[in-house]
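**Student:** Sequence:
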Amino acid sequence: MKRFALLVLLLLPAALLAQSPVTAAGGEASLSAGGEATAFNPDWGCNSSSPFTCFHNWAVGPTAFLDFNVRNKWGAEGEARWLEWHSEGKMTLSNYLMGGRYRLVRFGRFAGWAKFLVGGGWIQTPFYPAAGSLKGSFLAYVPGGTLDYRLTQRFSLRGDYEYQIWPSFYGQDTISSSGAVVQHNHGLTPNGFSVGFSYRILGQ
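If you count the sequence shown from 1, position 82 lands on 82 in this note's numbering, and the numbers rise without skipping.
Hints in this document: simulated from the structure, not taken from any laboratory.
Check before you lean on any hint, since a few could be wrong.
Stated by the list, open to error - Here are the computed distance ranges between Cβ atoms for each label pair:
1. 47 - 161: 18 to 24 angstroms
2. 62 - 106: 24 to 30 angstroms
3. 189 - 153: 36 to 42 angstroms
4. 55 - 153: 34 to 40 angstroms
5. 100 - 128: 30 to 36 angstroms
6. 118 - 193: 16 to 22 angstroms
Quick reminder that beta carbons are idealized off the backbone N, C-alpha and C, glycines included.
Can you build the whole structure from these sequences, using the hints too?
**Tutor:** Here you go:
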């Protein structure tokens, strides 16, 4: 119920703005929604935060998003993500984010977007509630990029990368490769990739 309420609060402003996108932006606006499968390096229990390392500790799960594009290049994005599988010790990550996006390039059926989102990141570290583990929420700043490939007038294939910055995060971290316990008080940078589909609800 909590997640559903947060998702509604996140997506409601964009949905209200998009009630009549053609009127709002002279026929250039569009509203799209979709879902993705996501895999993140949680930057916990690993010597590196690179998304190409620590595959054994990746957190995976679904992402839902809503894009409201205005006047072709500018737009807004809201997303909700739940990464609750695969990571060792039943570690979980979730995000509720919102922000702006800008189209950098269009080539044929491809379109590349840059985005910057802000919102909340929720984490439950491995083996919670064991000693040294934690469960909490933190402010997140999230730069990223999206590549769309239009399949039909309505459907697009979508790939996405995000680098999340949780500046106020702190806690004890056990490095899985060595078993060393370190104090992780310099912020957290979960990051990774998503792949999915987008459906254009309104607009061209």
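**Student:** Now, for every hint given, state plainly whether the structure supports it.
**Tutor:** Hint-by-hint comparison with the structure:
Checking the proposed 18 to 24 angstroms range against residue 47 and residue 161 shows it holds: the Cβ atoms sit about 21 angstroms from each other. Checking the proposed 24 to 30 angstroms range against residue 62 and residue 106 shows it holds: the Cβ atoms sit about 28 angstroms from each other. The beta-carbon spacing between residue 189 and residue 153, approximately 38 angstroms, falls within the hinted interval of 36 to 42 angstroms. The given range of 34 to 40 angstroms is respected by residue 55 and residue 153, whose C-beta atoms sit roughly 37 angstroms from each other.
Checked against the given bound of 30 to 36 angstroms, the beta carbons of residue 100 and residue 128, roughly 34 angstroms apart, stay inside it. Between residue 118 and residue 193 the Cβ separation comes to about 21 angstroms, which falls inside the hinted range of 16 to 22 angstroms.
The structure is consistent with each of the numbered hints, conforming to all of them.
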